[in-house]
Amino acid sequence: MKKFILSFAVFLAFMGLPVMNVHADTGAPAAEIITVEANGLICDFCARSLEKVFMKRGDVAAISVDLDSKLITITMKSSGKPSGDQGGSIDDETVTKLITDAGYSVVSITRSAQAGSGDLQVGDGLDRTTNDAGQDHSMDHSDGHSDGHSHEGDHVHEGSHE
Amino acid sequence: MKGFHLYLTAAFIMLMVLAVTMPTASARPVSYAGGWTMMSMNSGSAHTMHLHYSPTAFTSWGYKAEYWRGEDHQIHALQMNNLLKRWNNPDSQGNLYLKSGAGVALSDYGDFENKTEPALFTGLAADWEDRRYFVSYENRVTEAGDIRRDFQQSGRVGIAPYIGDYGDLHTWLMLEVEHTPESEDNVTVTPMVRLFKGNTLVETGLSNHGDVMFNLVYRY
Numbered sequence: 001m002k003k004f005i006l007s008f009a010v011f012l013a014f015m016g017l018p019v020m021n022v023h024a025d026t027g028a029p030a031a032e033i034i035t036v037e038a039n040g041l042i043c044d045f046c047a048r049s050l051e052k053v054f055m056k057r058g059d060v061a062a063i064s065v066d067l068d069s070k071l072i073t074i075t076m077k078s079s080g081k082p083s084g085d086q087g088g089s090i091d092d093e094t095v096t097k098l099i100t101d102a103g104y105s106v107v108s109i110t111r112s113a114q115a116g117s118g119d120l121q122v123g124d125g126l127d128r129t130t131n132d133a134g135q136d137h138s139m140d141h142s143d144g145h146s147d148g149h150s151h152e153g154d155h156v157h158e159g160s161h162e
Numbered sequence: 001m002k003g004f005h006l007y008l009t010a011a012f013i014m015l016m017v018l019a020v021t022m023p024t025a026s027a028r029p030v031s032y033a034g035g036w037t038m039m040s041m042n043s044g045s046a047h048t049m050h051l052h053y054s055p056t057a058f059t060s061w062g063y064k065a066e067y068w069r070g071e072d073h074q075i076h077a078l079q080m081n082n083l084l085k086r087w088n089n090p091d092s093q094g095n096l097y098l099k100s101g102a103g104v105a106l107s108d109y110g111d112f113e114n115k116t117e118p119a120l121f122t123g124l125a126a127d128w129e130d131r132r133y134f135v136s137y138e139n140r141v142t143e144a145g146d147i148r149r150d151f152q153q154s155g156r157v158g159i160a161p162y163i164g165d166y167g168d169l170h171t172w173l174m175l176e177v178e179h180t181p182e183s184e185d186n187v188t189v190t191p192m193v194r195l196f197k198g199n200t201l202v203e204t205g206l207s208n209h210g211d212v213m214f215n216l217v218y219r220y
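Note that the protein sequences, when read in sequence, are chains W and A.
Take 1 as the starting number for the first sequence in my numbering and just add one per residue.
Take 1 as the starting number for the second sequence in my numbering and just add one per residue.
Keep in mind the hints are simulated off the structure, nothing from the lab.
The C-beta atom is built at its ideal place from N, Cα and C for all residues, glycine as well.
Check before you lean on any hint, since a few could be wrong.
What the hints assert, rightly or not - Each pair of labels, with its calculated beta carbon distance range:
no.	chain 1	residue 1	chain 2	residue 2	range
1	A	L206	W	G58	42 to 52 Å
2	W	D91	A	P90	32 to 42 Å
3	W	K56	A	Y133	30 to 40 Å
4	A	W61	W	K56	15 to 25 Å
As the list claims (entries may be wrong) - Stretches of chain A that chain W covers, calculated by requiring three or more beta carbons in the stretch to come under 8 Å of a beta carbon on chain W:
no.	stretch
5	31–40
6	102–116
7	126–139
8	160–170
9	198–210
Just chain A, same shape as in the assembly:
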């Protein structure tokens, strides 16, 4: 526990130091009307892939595949994302989304042998950003019968060490805290670097559990 506190303090100090030296970012679940987005998220807890299409600027539909490492199960679902509200201000933007999915969960974990259950999940995601700061929060409830039933939430803060122009390589330093009450290690803290240029966004970091995080988002 002492080590965890030390790690958290070090990450916080690092962000504060970077704050005095200081563009924007988000891997949003809804794209522009007619846009496709591929999102691959990889961390110590899960590997996920989400491919979605946005028929309007307010809704996207797509396929979501998840492999959860801890309880060794998969979820395959049709996911719908809704932009509930967007606050477009001169120097900032805020968003509120509802992300929901329905599909199937598969597991061989423990006593399970080719166990299959219907799976449902839903959650809210909110973000706010200007060209220097970023804050987000999201949660999710998952119901997959005997395979899984839980609640997760996570939050992020980010800061841009420099403000780039349109077309530049943009860099963000972020700190993510995940809370999964029912897990053994129920708090995961991940300092990370987010880079994006053009239509490609990459994030990489290392969690307090020693797991590497790597996310890739491509919009086309």
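This is chain W alone, in the form it adopts within the complex:
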């Protein structure tokens, strides 16, 4: 009986190990983070519009605005599903439209995914440039600016404003 229990335990351990590895490596729910550099991001009172516009969406978990670095960080809701499913997402065109609706011009959009303890870059690296009115945009295939920006002092606003 003891041998059976021991064998069964070893069997379970071997069966469980790959599953645990999958979760440790890639299985944590992935939340996409969209970082937008915007022009005109000057006024706190006006920048509240960004919260209003983005938090109306059910797929946005949080948005933070950094007036110093002119960056808007949009954290999408995680799907809670295994790796490969990024949860909610917004395409670049929609991001540009929403930011234009809030009164700003998009300079660039970069994407990353936060899974478990580390960030995983999944963006296409496309930077999108808008004119002053923020309506027309062209794409330039530069490397973007996903690194090198300080987010110290960011104020993250979570929850729904609906």
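Fit chain A to the known structure of chain W by using the hints.
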């Protein structure tokens, strides 16, 4: 007149002193797409309330109620505001608006007894700001038959004594000069403090005529 000059000089010196120690601000007539804004402006010359809705980031529609103290009349109008041009720069923003309204003017002033006239007004408003400085100018022509027919203009300069982060209480020190050519006291100078945090903006000041100014803007 000497007293007025002294007052103007004192206000200017105060701003210059604050300039060396030194976020941003505007009570804009157009909000984000889908946004509502309530604006209440109160000064020695008038009490006004404007509630508007912005279907797009370029236009807003709303109701405007005004009570003008001097000639004791009211104007109730449907007002449309258009963002004609916005300059979004990395460290600053500029805007040009057209603000127009149509409605009715009511007065009991002087010989008037329940006098009612159609009322129209229109004007341009421009502002520029970065996180430290603010400049604006606006004008308006009002035509309300026998009750009122005039031109007004005003300008503001502002300076932020400190630069706050997103979510902080922001403070601005401003000086507003209003010019109403047809009024007896046709120049009004009002040093004021503007405070805003979150969706609420408050301004308060005291004019050279001794009148208290209090403005409240709430965006939701």
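Hint compliance check: list the failing hint numbers for this structure, sorted ascending. 2 and 6
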